[in-house]
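Participant: The primary structure of each chain is shown beneath.
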Amino acid sequence: MTTSPAAKAAGPCAGQIWLFSSIGKKTVVAATGILLVAFVVGHLLGNLTIFLGPDALNSYAAKLHSLGPALWAIRAALLGILVAHIYFTMLLWKENHAARPQKYIASNPVGTTVFARTMRLSGLIVLAFVIFHLAHFTVRVVDPSFATMTTTLDGHKVHDVYRMVVTGFSNGPVVLVYVVGLFLLTFHLSHGIGSLFQTLGITNRRIRRTYEIGGRALAWALYAGYISIPVSIFFFGLGKGAIQ
Amino acid sequence: MKFHLKVWRQKDPKSPGRLEDYEADNIPADASFLEMLDIVNAGLTGKNIEPIQFESDCREGICGNCSLTINGVPHGPGRGTTCQLYMRKFRDGDTITIEPFRADPFPVQRDLVVNRAAFDRIIQAGGFISERSGSAPDANSVPIPKTTADEAMDAAACIGCGACAAACPNGSAMLFVSAKVAHLGLLPQGKPEKDRRVLGMVRQMDQEGFGNCSNYYACEAVCPANVPAAFIARMNREFTAASAKEMAGLPV
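Residue numbers (numbering that gives the first Met the number 0), protein chains in the order written: chain A, 0 to 243; chain B, 0 to 251.
There's no promise every hint is true.
Said to hold, decoys possible - List of simulated lysine-lysine pairs, DSSO-like, C-alpha gap at most 30 Å: (1) LYS102/A <-> LYS5/B; (2) LYS102/A <-> LYS145/B; (3) LYS193/B <-> LYS102/A; (4) LYS93/A <-> LYS13/B; (5) LYS13/B <-> LYS102/A; (6) LYS10/B <-> LYS102/A.
Read the hints as simulated data drawn from the structure, not as lab findings.
Looking at chain A on its own, in the form it has when it is part of the complex (with noise of 0.2 Å):
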């Protein structure tokens, strides 16, 4: 048998010549972007305790605060999955827009998606969305109040989590950027999360259309979910007696 020179070509850096193919480059967005999935799903968790109350808010922003070197540990980690999701979207990008120079003057977009259509264009201004959340609750410049919101939880004396979100919640044009932001995101994951199975190649024909509505439907699930939050406050005072 012979052997094409292409295929030869690998020797001892296989794993970077995967890395760097066009489907070693779709598997990294497709892996990152299932974890960043489940820390959306999680983090979606933790915050609908502000359902349970400011205790059950704020014992859980202690609990994860709590673990130090770990928190900053999942947090490396997710900035590093973070950059390598759009990174190698950058380069796929680079190389798409190389293959087809040329657009049809009578373009007609057959078979696709608006959502697939516009993954870019989503994901870049989720993470302009990104970027203003932390600056809002993690860093907290937004409102440098929020950094001194203090509680005591059991006897110790914590951040007040719960009061500044429902202040923070408590302004219209914030609302405003976290649905729009969290609309964005949906989406994004609208075509993201059916697709990375294909991408990952774990489905068949038959189990397509399952993955493309199950991911539908978790994008917008999530979107009910996280903007719960915002429009309980702002329209339905939600937490404004707690905070008085």
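We have chain A; now place chain B onto it with these hints.
Facilitator: Chain B only, in chain A's frame:
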């Protein structure tokens, strides 16, 4: 029937091209799209205008030579090749835009003719069975499960026309490559070279400058052979599995 045509005219690979307007008069509704162009060309010759260059061969839907994008869709509306597209599909008086297949690795040679040698080079990088397996074996002498045979046949339906790469907003040839990888790799004759085939063909595809799949599924929507995009998923996992073998130092 009567149509207004906007046709991409380009003198040679280096010249810039542009759309030019032509009128197609007295076209029978049962003429195929290519026959319609033949009629238009016959009229142009009389007027001393260079005829519109396009490729065609079998004119029965199996060769995949016609590289026309009609109103933004490779091979035009509906599944099937351009020769199997009949003018009755259009409305009388329609304006029809005809462009060549677009993808960087498919350079336009002239008008609607593109060079698809990139696909040949991908085939040369692994789309074959090295050992002569003799003449067609007797039926059932090599038992193959029905589902496997059906799956391989679905992949083998690919005629290599390039509509998938032309439809893909990323100019990705993955539907074509995955069909070849699956059709040969599923059957006993092609299985021994499965790993080196997928490695060779995918690397050649990347080297030719085809884009990466974003799971738009535009390829599947235009494929005249109805090749499903599930074969791309199969190729993805086979490529990663074969790469893992390479990384582990196993022979491929």
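Participant: Evaluate each hint against the coordinates.
Facilitator: Comparing the hints with the structure gives:
{"no.": "1", "hint": "LYS102/A <-> LYS5/B", "result": "holds (16 Å)"}
{"no.": "2", "hint": "LYS102/A <-> LYS145/B", "result": "violated (42 Å)"}
{"no.": "3", "hint": "LYS193/B <-> LYS102/A", "result": "violated (35 Å)"}
{"no.": "4", "hint": "LYS93/A <-> LYS13/B", "result": "holds (24 Å)"}
{"no.": "5", "hint": "LYS13/B <-> LYS102/A", "result": "holds (17 Å)"}
{"no.": "6", "hint": "LYS10/B <-> LYS102/A", "result": "holds (19 Å)"}
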